[in-house]
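Trainee: The chain contents come next:
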Amino acid sequence: MHALLVVSGLKKVYEGSGRRVEAVRDLTFTVEAGELVCLVGPSGCGKTTLLKCVGGLLAPTAGQVQLAGKPVSGPPPGMAFVFQEYGRSLFPWMRVGENVELPLKQKDLGKARRKELVADALESVGLSDAAGAYPWQLSGGMQQRVAIARALAYEPDVLLMDEPFAAVDAQTRADLEDLVRRLWRERGMTILFVTHDIDEAVYLGERVVVLSASPTVVQEQLKVDLPDERDQLHTRVAPRFAELRTHVYEQIQAAKRGTPQDAVPSDVRTDTPPPR
Amino acid sequence: MTRVLLRLFFVLALPAVLVAVWWTASSGSTDPFWPPLRTILKTFPDVWTADRLRTDVRPSIVRLLAGFATAAVVGVALGTVIGSYRRVRALCEPVLEFLRAVPPPVLVPVIMLFAGIGDTMKIVVIASGCVWPILLNTVEGVRAVDSVMLETARSYGITGVARLRSLVLRSASPQIFAGLRQALSIGIILMVISEMFAASNGIGFTVVQFQRSFAIPDMWTGILVLGLLGFLLSVVFQLVERRVLGWYHGLRASTRRSQ
Numbered sequence: 692m693h694a695l696l697v698v699s700g701l702k703k704v705y706e707g708s709g710r711r712v713e714a715v716r717d718l719t720f721t722v723e724a725g726e727l728v729c730l731v732g733p734s735g736c737g738k739t740t741l742l743k744c745v746g747g748l749l750a751p752t753a754g755q756v757q758l759a760g761k762p763v764s765g766p767p768p769g770m771a772f773v774f775q776e777y778g779r780s781l782f783p784w785m786r787v788g789e790n791v792e793l794p795l796k797q798k799d800l801g802k803a804r805r806k807e808l809v810a811d812a813l814e815s816v817g818l819s820d821a822a823g824a825y826p827w828q829l830s831g832g833m834q835q836r837v838a839i840a841r842a843l844a845y846e847p848d849v850l851l852m853d854e855p856f857a858a859v860d861a862q863t864r865a866d867l868e869d870l871v872r873r874l875w876r877e878r879g880m881t882i883l884f885v886t887h888d889i890d891e892a893v894y895l896g897e898r899v900v901v902l903s904a905s906p907t908v909v910q911e912q913l914k915v916d917l918p919d920e921r922d923q924l925h926t927r928v929a930p931r932f933a934e935l936r937t938h939v940y941e942q943i944q945a946a947k948r949g950t951p952q953d954a955v956p957s958d959v960r961t962d963t964p965p966p967r
Numbered sequence: 015m016t017r018v019l020l021r022l023f024f025v026l027a028l029p030a031v032l033v034a035v036w037w038t039a040s041s042g043s044t045d046p047f048w049p050p051l052r053t054i055l056k057t058f059p060d061v062w063t064a065d066r067l068r069t070d071v072r073p074s075i076v077r078l079l080a081g082f083a084t085a086a087v088v089g090v091a092l093g094t095v096i097g098s099y100r101r102v103r104a105l106c107e108p109v110l111e112f113l114r115a116v117p118p119p120v121l122v123p124v125i126m127l128f129a130g131i132g133d134t135m136k137i138v139v140i141a142s143g144c145v146w147p148i149l150l151n152t153v154e155g156v157r158a159v160d161s162v163m164l165e166t167a168r169s170y171g172i173t174g175v176a177r178l179r180s181l182v183l184r185s186a187s188p189q190i191f192a193g194l195r196q197a198l199s200i201g202i203i204l205m206v207i208s209e210m211f212a213a214s215n216g217i218g219f220t221v222v223q224f225q226r227s228f229a230i231p232d233m234w235t236g237i238l239v240l241g242l243l244g245f246l247l248s249v250v251f252q253l254v255e256r257r258v259l260g261w262y263h264g265l266r267a268s269t270r271r272s273q
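Going line by line, the protein sequences match chains A and B. The C-terminal position of the first sequence is numbered 967 in the working numbering, with every residue numbered one higher than the one before it. The C-terminal position of the second sequence is numbered 273 in the working numbering, with every residue numbered one higher than the one before it.
Careful, some of the hints might be misleading.
Where chain A lies over chain B, by a calculated footprint (3+ residues, C-beta under 8 Å) [said to hold, decoys possible]:
no., region
1, 162-171
2, 175-182
3, 257-269
Derived, one-sided and incomplete: chain A residues facing chain B with beta-carbon distance under 7 Å [to be verified]:
no., residue
4, E776
5, W784
6, Q797
7, Y825
8, W827
Bear in mind the hints are in silico, worked out from the structure with no lab data behind them. Note that beta-carbon positions come from the ideal geometry of N, C-alpha and C, so glycine has one too.
Construct all of the structure, not just a fragment, from the sequences and the given hints.
Mentor: Written out as structure tokens, the structure reads:
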């Protein structure tokens, strides 16, 4: 069986004003249907570039992205994007409900079905009461919930999240992490989550893909063998959590020093570090 | 209640003082060109009868609105095209700078040559002066659409007309309204000027007629009418703007608070 999302040999080179920047060198990884995969890497390693290539917002220089067997050449209807800059991603001239509904108007859906999807999505993120408010009347965390609701209502095959919680405070962040975990479990979604936060990657992911420094390759892939049921209080102090985060941390340090383990093809290195 | 009264006081205080100053300063005037305000106000109801409102004020307003609306449609449409494509902008910018620098009143004799001296001429004159601030502001507004919003729209398949309507024009609307506001005052000026050149009715025509027949108090009432018209139009404009740009003022207030 084919994976839902296949990224193979992805390469992105920016050319401009005589400078040639190789942001992403050679990335290959897959995401199975229903998986929650976190991409984590040192800052400035081209994570956003990578995600934009996956989402069809940027054309890769080489390599290809396939969604459900079809190559991605522009933003496919089966993907929804949650951006880091929630304040610039929601339209301030539309109320929360209209923001969530807007993408649905591009789909062939009846008005009643649209209303249903909007109400359901807002309820899932706990913002049923805010449908009539403008985004700028809400706090940062609530605005990002609206952006998540917009993505939920769109019913995507894959949800792409680009450091969605980097700009909110720590407590809100913990709440939003739990929200993503809950939505993923309730709805059986497929999520590709990019972050620079190692703890967040381990806490959220079923699998963590560690990226090297730019020009980016896959440093390591790691299965997170924590129980499905996770919570901020217990999961984060579990010994296994500490082991995993230490391992990822070491890998990222190695990536920064520039010692990618190129000996083994990255796509077969889906391993789990031995328990200590 | 006291707050309403206070606001009313702030709105009315200065106009009341100015009228009082005008009234007392001109009360003893014997200069035929500076008649006392008392005389002007007494003449007012005799001059601006319902009949004259129909024959002179209405045509003026119709021309102004027609010219303004034409300019708004052309300015926003062209501005959106120019603002959306870098190449078109590079091509048009020098020409626009030149055309904008031409004072619109100088176009009146030229436009008369091919549009005659009828309503068309006046509407064209008003539109050709009003279009520039609308056009240039729209270009700036469309250029400034946030990149994350554009990517959001792309990733959710919001393209074409939907993108224009729900993103580009909405995002540019504060600038477009700034342009419309400037255009409105230019429009009133050009309305009067175009009626002074060649016309058989209109407020501008009436004022010139009174001046030529030495009906000086009547002429002054015409100026008052123009002032009142400008004031009323700006009040209407503000009401529309407050409705359309409510989100913008709210957004600005909330960013100010959070800083």
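Trainee: Does each hint fit the structure? Answer for all of them.
Mentor: Status of the hints after comparison with the structure:
1. 162-171: The restraint on the region 162-171 of chain B holds, since 8 of its residues have a Cβ under 8 Å from chain A and three suffice.
2. 175-182: holds (count 3)
3. 257-269: As far as the region 257-269 of chain B goes, the hint holds, because 6 residues have Cβ atoms under 8 Å from chain A.
4. E776: 5 Å, holds
5. W784: With a closest approach of 4 Å, the W784 (chain A) hint holds.
6. Q797: Nearest chain B Cβ about 5 Å off; hint holds.
7. Y825: Since chain B brings a Cβ to about 6 Å from Y825 (chain A), closer than 7 Å, the hint holds.
8. W827: Holds: closest Cβ of chain B sits about 5 Å from W827 (chain A), inside 7 Å.
The earlier numbered hints are all upheld by this structure, with none contradicted.
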